[in-house]
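Those protein sequences? They're chains Z and C, same order as listed.
With this note's numbering, letter number 392 in the first sequence gets 392, and the count goes up by one each step, no holes.
Each position in the second sequence, counted from 1, maps to that position plus 1000 in this note's numbering.
The hints are simulated quantities; they were obtained by calculation from the structure and are not laboratory data.
This structure is a prediction, so every number in the text was calculated from the model and none was measured.
Treat the hints with care, since some could be wrong.
[Claimed, not checked] Derived DEER-like restraints, expressed as beta-carbon distance ranges:
1) C:1464 x Z:16: 48 to 58 Å
2) Z:443 x C:1072: 52 to 62 Å
3) Z:492 x C:1181: 36 to 46 Å
4) Z:72 x C:1022: 51 to 61 Å
5) C:1464 x Z:47: 56 to 66 Å
6) C:1029 x Z:182: 18 to 28 Å
7) Z:182 x C:1065: 48 to 58 Å
8) C:1269 x Z:72: 48 to 58 Å
9) Z:183 x C:1097: 50 to 60 Å
10) C:1058 x Z:278: 47 to 57 Å
11) C:1489 x Z:47: 48 to 58 Å
12) Z:72 x C:1181: 33 to 43 Å
13) Z:172 x C:1097: 41 to 51 Å
Backbone N, C-alpha and C define an ideal beta-carbon position, used for all residues, glycine too.
Protein chains: 2
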Amino acid sequence: MTAELSIDTLAADHTATLDKALETIRTRAYWSPHAEHPKAYADDGRAAFEALREKRFELDQPGTDGWAGSEVSPYGPRLGIEYPHADPDVLLPAMRAAMPAWRAAGPRHRALVCLEILKRINARTPELAHAVMHTSGQAFMMAFQAGGPHAQDRGLEAVAYALAAQEEVERTAEWSKPQGKREPLELTKEFTAAPRGIALLIGCNTFPTWNGYPGLFASLATGNPVLVKPHPRAVLPLALTVRIAREVLGAAGFSPDLVALAAERDGEGIAKSLALRPEIRLIDYTGSSAFGDWLEANARQAQVYTEKAGVNTVIIHSTGDYRGMLGNLAFSLSLYSGQMCTTPQNLLIPRDGIDTDAGHKSYDEVVADLATAVDKLLGDDARAHALLGAIVNPGVRERLESAPRLGEVALASRSLTNPDFPEATVRTPAIVKLDGAKPDAEAAYFSECFGPVSFAVAVDSAEAAVELLRRTVREKGAMTVGAYTTSAEVERLIQDACLDELAQLSLNLTGGVYVNQTAAFSDYHGSGGNPAANAALCDAAFVAGRFRPVEVRRQA
Amino acid sequence: MTAELSIDTLAADHTATLDKALETIRTRAYWSPHAEHPKAYADDGRAAFEALREKRFELDQPGTDGWAGSEVSPYGPRLGIEYPHADPDVLLPAMRAAMPAWRAAGPRHRALVCLEILKRINARTPELAHAVMHTSGQAFMMAFQAGGPHAQDRGLEAVAYALAAQEEVERTAEWSKPQGKREPLELTKEFTAAPRGIALLIGCNTFPTWNGYPGLFASLATGNPVLVKPHPRAVLPLALTVRIAREVLGAAGFSPDLVALAAERDGEGIAKSLALRPEIRLIDYTGSSAFGDWLEANARQAQVYTEKAGVNTVIIHSTGDYRGMLGNLAFSLSLYSGQMCTTPQNLLIPRDGIDTDAGHKSYDEVVADLATAVDKLLGDDARAHALLGAIVNPGVRERLESAPRLGEVALASRSLTNPDFPEATVRTPAIVKLDGAKPDAEAAYFSECFGPVSFAVAVDSAEAAVELLRRTVREKGAMTVGAYTTSAEVERLIQDACLDELAQLSLNLTGGVYVNQTAAFSDYHGSGGNPAANAALCDAAFVAGRFRPVEVRRQA
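So here's chain Z without its partners, still in its complex pose (with noise of 0.2 Å):
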């Protein structure tokens, strides 16, 4: 091997963090090898992310036809980059013709390069972290963690999985089959786990990298070519991410195209031309309901792994700890302007109010002193744009410019200004009070609201929370649930309303916890068994269909 990366330097920089990777997704304990804090790294990325804007995005991959990009950061900034658009005709049979060598090294040798290429991305984080920041809107500090060492956890704990799997079906056999006083029947047995074929990476605008990186390592670490899309708005951390992919593939001596590039014109749609491609024969997706909705039903020639819209509930029934759970609460309304697919939206609320250590406090009393948590947690403007980032679209500002139509606004979004940025669209959340008795509330809280929007709803009881939080995840979808209770029978039905109904579940969070995050290796991110995403990140049925085992068997 003449390849400047050999499988020898691989291991001996890789292998212990793969064993511990391995071992930490059976026994789900806290670990990350990916520093968390910026001073960790060797400078802040400004200068390298500065140096990127303004120019064509070089990637010299096949069949590049043009050049694309018209990136604006929320916080103001046009970022003026062009990337290589693509000849589908070129590109997908020079990534197709990579695929034999790849799979011809072996599950650990793949899991090997991935792991450097998920190092050269963690050196890199400061970077990713400024591209993360100016495409989704994040504040710094949140595409500092989430887009990077983060999201290079869950694609660590991807790749992990993908060859825990694969190692469970590579092997040769020796079979040798009794026939009483004749000669036994006798084969040798060998056992491939075969990519299937190119896979494609739909990326999302609000966390191109977190959301990204587990389809993308899955399916690379199981021998599939990877084209990645990126969303149109949020090109350059895949950008990034690409190239860094190309230029460790090449040194490990693979071709670079088993990672490439499609980014597309203005309005130009290219996801659903791709997805339906026959070489495309596994689809990664974050985004809209009705996208991901079409995926599935027409990328037939694909398995198709969608992370979709949903409603998050939390009841609040009753604490021990008010204080702690106002705070919490607050905080994860607050968390990049409520723009996650984990953020809560419903919080359902008895009418006659719940029991506390701080005394019994009216339903109109909890919303009220939630709405001061978030006011009081969001009074300071840099500890506000801090927590806040920027609104990542105008789709998102006008739905929460409606919300005060929808009922009475118990806390109403004030606008701030980034003194950085003051071209950046900043909002506090807001509130609404909604009685969940009255039908015509219903159209209001039984749809996702995807910004900083966030309901109290008034329920007669903590039977018809759960009855309504049922409802809610079996035709809406969740990603996730929370609850507040001191009650083991109320805990008891709203844990069996999260295994019936496949979701999961934060009880009493009122540290520094919070019911939107989840960490690799340990919490799963979505159930893939209600509406709001056909997969979890990241289980075994996550990576166990993206290869097949296929078996040779010949006569001893």
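Given the coordinates of chain Z, assemble chain C onto it according to the supplied hints.
Here is chain C on its own, set in the frame of chain Z:
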């Protein structure tokens, strides 16, 4: 627990078998706990089978609104058995209601119950053999082995995969994330492998148990109730299975309604309406591509596992054991009159002939010698009946009768009379010569001709054979691929084609293992990666989607 079958009893009886099954799906060595020989069983099952005839088959399941059944043995006699016809509006809610207790039992308890079901099924193998014989038309010994121990092996294999997959999920974790000088963030997490919902098993005519048990046991072991909808011509084997399962479930303290039967009236077509019910979250299907494709496209609320039609190829390039090759192929073509989804259809032979240990053989010689080998194998009537069984339905007979119109007949099908069952339709296989270079021949060899018809397709070269193999697998699908070659280069080409197109390959079989037979725990049946099937029996992907990981996390 007041159950007759306590978990301790079950564990004492089945833990060793379960452990061995879990070990063997990893080693993929030969193993079976189910005796293959009739003499290992208490009786010949005939009396038990006869006692079922001309009666109602009582199941005592909810929602029975009438009786249905019109099975006629391919060997002639009508069975005269009526089965409960179910009202799904009553039966499905009862099944769903049985789910929480079954889920709460946990993966190991469920696996042990499944093993008790399999043990009792195994004890009634002789009775089931008659049931399979008189619904599928298989010869008795094949019905005994494939319908009995081999089917039970596949069921046990599915239970082992299901348990292994769930045990990777079901655990608790104490999660502690360091926070520098502050207290760590701490959560207690509980992970459940939660079942999706009711599973629908749509059985087939030819292998009701062998093709039915994997899905049935995979779904049940992962916590899902299973509604069994047998093929209307092959109800009895699955009705017996359902009865045994209900008996064991009840004895183990669970609701018998976790497994129920949905028999149908003539022409009722209930598979279609059941498949679209929102309660149905899993579907296993074996049968025509038309209905399998319909299920995949329309039963969008369910995970759909299909085994459909394909076109199986054997490349005959060269051999070091000409006589062994001919004998092996003759057996494969004859077994159960070619009515197996794994029977070779297209035999690709270079038009210049092949090199063998018996000298060079021209294309015509190879075909003639194979025809002779089939004739010789079936020359003895008793042996012929023991191999051929009966033609399962008029469609197969009609296809066979039209085969001579497709090309030059190298081996004509003969009609035999089974002295025990003079009404049975018994036919020997036909071999038809086709020229692969002639476009008009493609219509014949490029579609499935299910039954005892194979095509000796003359091809220009080994490379042309491999190219046709690739195209056939990619466009038509294949459950099996066979090849004979002494050339390492040709072997590599064929192997690469199978890895690229995701098909299972048997190389140079000349002894007592046949391309159309696979052994549970070791051989994969289908790959799930080409159009013949979207699932393999049995791998992690076959079970991983039948449950979803659900997490409950609490502040510690």
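Structure-based check of each hint:
1. C:1464 x Z:16: 48 to 58 Å: The hinted range 48 to 58 Å holds for residue 1464 of chain C and residue 16 of chain Z, with Cβ atoms some 50 Å apart.
2. Z:443 x C:1072: 52 to 62 Å: At roughly 56 Å between Cβ atoms, residue 1072 of chain C and residue 443 of chain Z fall inside 52 to 62 Å, so the hint holds.
3. Z:492 x C:1181: 36 to 46 Å: 38 Å, holds
4. Z:72 x C:1022: 51 to 61 Å: The hinted range 51 to 61 Å holds for residue 72 of chain Z and residue 1022 of chain C, with Cβ atoms some 55 Å apart.
5. C:1464 x Z:47: 56 to 66 Å: Taking Cβ atoms as reference, residue 1464 of chain C and residue 47 of chain Z lie about 59 Å apart, which means the hint holds.
6. C:1029 x Z:182: 18 to 28 Å: 19 Å, holds
7. Z:182 x C:1065: 48 to 58 Å: Once the Cβ atoms are compared, 54 Å apart, the range 48 to 58 Å for residue 1065 of chain C and residue 182 of chain Z holds.
8. C:1269 x Z:72: 48 to 58 Å: 55 Å, holds
9. Z:183 x C:1097: 50 to 60 Å: 54 Å, holds
10. C:1058 x Z:278: 47 to 57 Å: Between residue 1058 of chain C and residue 278 of chain Z, where Cβ atoms are some 51 Å apart, the hint holds.
11. C:1489 x Z:47: 48 to 58 Å: 55 Å, holds
12. Z:72 x C:1181: 33 to 43 Å: Holds - the Cβ-Cβ distance for residue 72 of chain Z and residue 1181 of chain C, about 41 Å, lies within 33 to 43 Å.
13. Z:172 x C:1097: 41 to 51 Å: Roughly 47 Å apart at Cβ, these two residues keep to the hinted range, so it holds.
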